[in-house]
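S.K.: Could you put together the complete structure from these sequences and hints?
Protein chains: 4
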Amino acid sequence: MKKLLTEFIGTFFLVLTLTLCLMSKTAMTPLAVGAMYMVMIFAGGHISGGHFNPAVTIAVFLRGKCSVSDVPSYILTQFLAAGVAGLVSSTFLMNVGTPIEIGSKVPQCMVGELLGTFALVFVVLNVATAKDTMGNSFYGLAIGLCWTAGSFAMNSISGGLFNPAAALGNSVAGLNHFSDIWIYIIGQIIGAAAAAYVFLYINGKD
Amino acid sequence: MKKLLTEFIGTFFLVLTLTLCLMSKTAMTPLAVGAMYMVMIFAGGHISGGHFNPAVTIAVFLRGKCSVSDVPSYILTQFLAAGVAGLVSSTFLMNVGTPIEIGSKVPQCMVGELLGTFALVFVVLNVATAKDTMGNSFYGLAIGLCWTAGSFAMNSISGGLFNPAAALGNSVAGLNHFSDIWIYIIGQIIGAAAAAYVFLYINGKD
Amino acid sequence: MKKLLTEFIGTFFLVLTLTLCLMSKTAMTPLAVGAMYMVMIFAGGHISGGHFNPAVTIAVFLRGKCSVSDVPSYILTQFLAAGVAGLVSSTFLMNVGTPIEIGSKVPQCMVGELLGTFALVFVVLNVATAKDTMGNSFYGLAIGLCWTAGSFAMNSISGGLFNPAAALGNSVAGLNHFSDIWIYIIGQIIGAAAAAYVFLYINGKD
Amino acid sequence: MKKLLTEFIGTFFLVLTLTLCLMSKTAMTPLAVGAMYMVMIFAGGHISGGHFNPAVTIAVFLRGKCSVSDVPSYILTQFLAAGVAGLVSSTFLMNVGTPIEIGSKVPQCMVGELLGTFALVFVVLNVATAKDTMGNSFYGLAIGLCWTAGSFAMNSISGGLFNPAAALGNSVAGLNHFSDIWIYIIGQIIGAAAAAYVFLYINGKD
Numbered sequence: 053m054k055k056l057l058t059e060f061i062g063t064f065f066l067v068l069t070l071t072l073c074l075m076s077k078t079a080m081t082p083l084a085v086g087a088m089y090m091v092m093i094f095a096g097g098h099i100s101g102g103h104f105n106p107a108v109t110i111a112v113f114l115r116g117k118c119s120v121s122d123v124p125s126y127i128l129t130q131f132l133a134a135g136v137a138g139l140v141s142s143t144f145l146m147n148v149g150t151p152i153e154i155g156s157k158v159p160q161c162m163v164g165e166l167l168g169t170f171a172l173v174f175v176v177l178n179v180a181t182a183k184d185t186m187g188n189s190f191y192g193l194a195i196g197l198c199w200t201a202g203s204f205a206m207n208s209i210s211g212g213l214f215n216p217a218a219a220l221g222n223s224v225a226g227l228n229h230f231s232d233i234w235i236y237i238i239g240q241i242i243g244a245a246a247a248a249y250v251f252l253y254i255n256g257k258d
Numbered sequence: 053m054k055k056l057l058t059e060f061i062g063t064f065f066l067v068l069t070l071t072l073c074l075m076s077k078t079a080m081t082p083l084a085v086g087a088m089y090m091v092m093i094f095a096g097g098h099i100s101g102g103h104f105n106p107a108v109t110i111a112v113f114l115r116g117k118c119s120v121s122d123v124p125s126y127i128l129t130q131f132l133a134a135g136v137a138g139l140v141s142s143t144f145l146m147n148v149g150t151p152i153e154i155g156s157k158v159p160q161c162m163v164g165e166l167l168g169t170f171a172l173v174f175v176v177l178n179v180a181t182a183k184d185t186m187g188n189s190f191y192g193l194a195i196g197l198c199w200t201a202g203s204f205a206m207n208s209i210s211g212g213l214f215n216p217a218a219a220l221g222n223s224v225a226g227l228n229h230f231s232d233i234w235i236y237i238i239g240q241i242i243g244a245a246a247a248a249y250v251f252l253y254i255n256g257k258d
Numbered sequence: 053m054k055k056l057l058t059e060f061i062g063t064f065f066l067v068l069t070l071t072l073c074l075m076s077k078t079a080m081t082p083l084a085v086g087a088m089y090m091v092m093i094f095a096g097g098h099i100s101g102g103h104f105n106p107a108v109t110i111a112v113f114l115r116g117k118c119s120v121s122d123v124p125s126y127i128l129t130q131f132l133a134a135g136v137a138g139l140v141s142s143t144f145l146m147n148v149g150t151p152i153e154i155g156s157k158v159p160q161c162m163v164g165e166l167l168g169t170f171a172l173v174f175v176v177l178n179v180a181t182a183k184d185t186m187g188n189s190f191y192g193l194a195i196g197l198c199w200t201a202g203s204f205a206m207n208s209i210s211g212g213l214f215n216p217a218a219a220l221g222n223s224v225a226g227l228n229h230f231s232d233i234w235i236y237i238i239g240q241i242i243g244a245a246a247a248a249y250v251f252l253y254i255n256g257k258d
Numbered sequence: 053m054k055k056l057l058t059e060f061i062g063t064f065f066l067v068l069t070l071t072l073c074l075m076s077k078t079a080m081t082p083l084a085v086g087a088m089y090m091v092m093i094f095a096g097g098h099i100s101g102g103h104f105n106p107a108v109t110i111a112v113f114l115r116g117k118c119s120v121s122d123v124p125s126y127i128l129t130q131f132l133a134a135g136v137a138g139l140v141s142s143t144f145l146m147n148v149g150t151p152i153e154i155g156s157k158v159p160q161c162m163v164g165e166l167l168g169t170f171a172l173v174f175v176v177l178n179v180a181t182a183k184d185t186m187g188n189s190f191y192g193l194a195i196g197l198c199w200t201a202g203s204f205a206m207n208s209i210s211g212g213l214f215n216p217a218a219a220l221g222n223s224v225a226g227l228n229h230f231s232d233i234w235i236y237i238i239g240q241i242i243g244a245a246a247a248a249y250v251f252l253y254i255n256g257k258d
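Residue numbers (my numbering), protein chains in the order written: chain A, 53 to 258; chain B, 53 to 258; chain C, 53 to 258; chain D, 53 to 258.
No false leads were mixed into what you were given.
Copies of the same chain look alike in the list, so a pair counts if it works inside one copy or between any two.
Lysine to any residue pairs mimicking SDA-like chemistry, simulated, CA-CA at most 25 Å apart: (1) K117 / I241; (2) K183 / D122; (3) K54 / G256; (4) K54 / K257; (5) K117 / A182; (6) K77 / P151; (7) K257 / L57; (8) K54 / D258; (9) K54 / V120; (10) K54 / I254; (11) K55 / Y253; (12) K54 / N255; (13) K183 / H98; (14) K55 / T185; (15) K157 / L139; (16) K183 / V120; (17) K54 / L252; (18) K54 / L128; (19) K157 / T143; (20) K117 / L57; (21) K257 / I241; (22) K54 / V250; (23) K183 / M53; (24) K55 / S189; (25) K77 / Q160; (26) K54 / Y253; (27) K157 / F144; (28) K77 / I154; (29) K257 / M53; (30) K117 / K183.
Simulated from the structure, these hints should not be mistaken for laboratory data.
M.R.: Given below as structure tokens:
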């Protein structure tokens with residue numbers, strides 16, 4: 053329960069920052085959101101592992117550092133928190149969002165999300181679950197700014213979300229079409245699983 | 053006395069950076085102010101705890117890591133430092149500030165400050181007072197950049213202050229109306245107290 | 053093989069971020085690319101050393117911390133990954149790039165790359181291979197943000213690449229002329245070798 | 053000699069980044085320069101202490117952590133490196149700089165530099181010379197980003213240099229009038245000395 057509350061808080065503020073920054077159209081959105089991701093990992097990592105992202109939860113499970121019984125409750129909590137964040141942003145705080153139009157660029161969008169999520173999960177597993185980097189003080193910085201860098205790169209392609217819960221939160225807030233969510237989720241899950249298997253090939257089970 | 057001097061210095065430079073950046077209308081204000089907050093925590097944390105924010109002092113007290121006798125003097129010092137910083141910015145250095153007009157958006161502003169302060173205090177308590185994260189080298193980075201991320205998110209709603217002393221400093225510098233300070237302070241105190249209780253529920257007294 | 057896979061992944065995402073950001077013409081390109089460089093070093097450093105840059109591989113070899121048998125395979129892998137990244141950016145994802153016109157500014161461009169690479173390699177060797185800084189948690193941050201700072205400085209001169217593989221990736225993506233690559237590579241190799249010898253003079257072999 | 057070479061390299065790249073960024077008029081100058089300052093401290097701190105700034109050298113001497121015999125050679129080296137950097141920027145690489153016009157704002161400029169240098173030196177002494185913070189991995193980050201934050205704040209007042217060598221380098225590069233250097237140096241030395249005495253009052257000799 054304490055783990056789920058922590059996942060709720062982290063995911064909520066991550067998606068709240070994302071949706072509010074996108075609504076204000078600030079050029080610094082990737083930096084702001086990556087910073088919130090970073091600080092929530094530093095704050096909540098010691099409690100819940102600091103996933104805040106269903107793709108990360110799946111990858112950490114594949115890597116063997118998240119028990120199978122935690123997976124559904126983590127993912128449900130992350131989607132719930134993201135939905136609430138999208139709702140708070142749109143109905144209460146600002147209520148202005150222009151959805152990204154993907155149109156005929158479905159393959160580009162899916163591959164962009166796949167690549168960005170691969171990078172993110174590769175970094176997560178190496179800085180937060182590898183034996184060689186244990187005890188470091190940079191795990192949150194590395195993960196948060198990987199999101200930032202990837203999101204700057206994929207910004208004009210897919211928006212750069214790398215997180216199924218963020219895709220839901222954005223849709224609730226009117227920043228993505230609900231009908232496009234599958235593009236994000238499929239790309240992200242493939243990217244996350246691929247990164248987990250690459251990590252296991254390189255680092256071994258332990 | 054040495055603690056109070058440290059709180060004065062940290063809060064003074066925090067609010068000075070805030071008011072001067074707002075006066076120059078740089079788009080990087082949240083980054084600059086969060087950076088100053090971060091470095092003052094790294095510099096002064098080992099002396100006074102590095103609060104620089106009445107909402108943080110109240111939350112650290114509720115969490116049981118600030119003696120009741122320190123609370124009034126810390127808060128008074130923080131408000132004094134913020135007032136002096138606002139005065140130095142406006143009367144001596146630049147003297148140009150346009151106040152944020154909140155108008156009918158009082159609930160949005162209050163909830164925005166509540167949420168941002170909740171995130172900030174949740175991060176402060178977890179990275180600087182929790183047993184599991186003791187001895188880390190990231191506490192200042194996490195706290196400073198939580199302010200940055202939250203301030204980018206709430207920028208177009210309330211300005212994103214998350215600090216009663218900053219609300220006072222801004223008012224002195226003509227960047228907020230004095231008549232709006234209560235909106236900030238109420239939202240911030242509620243957010244800080246809520247975060248302290250959530251922290252205690254999750255982590256326990258120790 | 054695991055080292056080379058790690059070098060491939062890191063270099064691929066580094067050059068992918070570079071080329072995509074340049075194509076989108078974001079003013080934050082140096083920050084985004086430096087951030088990706090940083091996080092890939094934090095993620096892959098414990099496996100391959102986290103070079104992702106032929107100039108770094110040569111310098112680490114000169115400093116005596118990379119076996120001679122690793123040098124050709126590392127460099128080949130880095131160029132391959134950069135070429136693939138340039139191809140993915142240009143043919144699949146965006147396909148819009150305006151090449152930098154160096155024209156008569158060949159000496160400026162070469163010296164700019166020489167200086168930026170000197171700074172980068174000086175930082176790499178000191179934070180990642182020196183005895184006095186062993187066990188630190190900042191090596192990735194220092195190296196990534198050295199790239200960022202140098203690239204902001206040299207942006208209007210050479211684009212600020214400091215990495216022969218990035219020069220190749222940019223050329224594949226249509227962001228540099230193939231006929232200009234030699235200017236980059238010569239400047240970068242001289243800068244890297246000079247930094248390695250200065251490091252050895254200052255720090256000694258160990 | 054090895055210390056002086058390190059001070060030369062660090063100061064050279066610090067001032068080169070400053071002058072080139074100012075010439076390109078990028079809005080991110082304070083971030084780029086603070087980043088270069090940070091990484092040179094992480095790289096050179098273990099050799100020379102990583103001052104790269106005469107005001108810092110004076111303050112570290114006053115605090116008792118720099119031998120009197122090092123002071124003149126350090127300061128001379130820093131000014132020399134800054135002059136060379138200004139020359140390289142202006143005559144070789146770009147040759148375009150518009151000097152800041154201080155006009156009648158001499159007191160504002162001097163106080164702005166005094167305050168910014170006070171903050172910088174207060175941070176330097178606390179994160180790099182205090183017993184309580186020994187062994188941390190954030191000293192370079194704290195010092196570099198203190199410069200960044202202060203420079204964003206003082207940007208429209210004095211340019212935000214907080215470093216006598218930078219004032220010289222800027223003047224050589226045509227970004228400050230030589231006749232204004234005294235304003236910078238006086239403000240900076242007073243700020244540095246004041247911060248050293250405040251540090252000694254708060255922390256004691258050790």
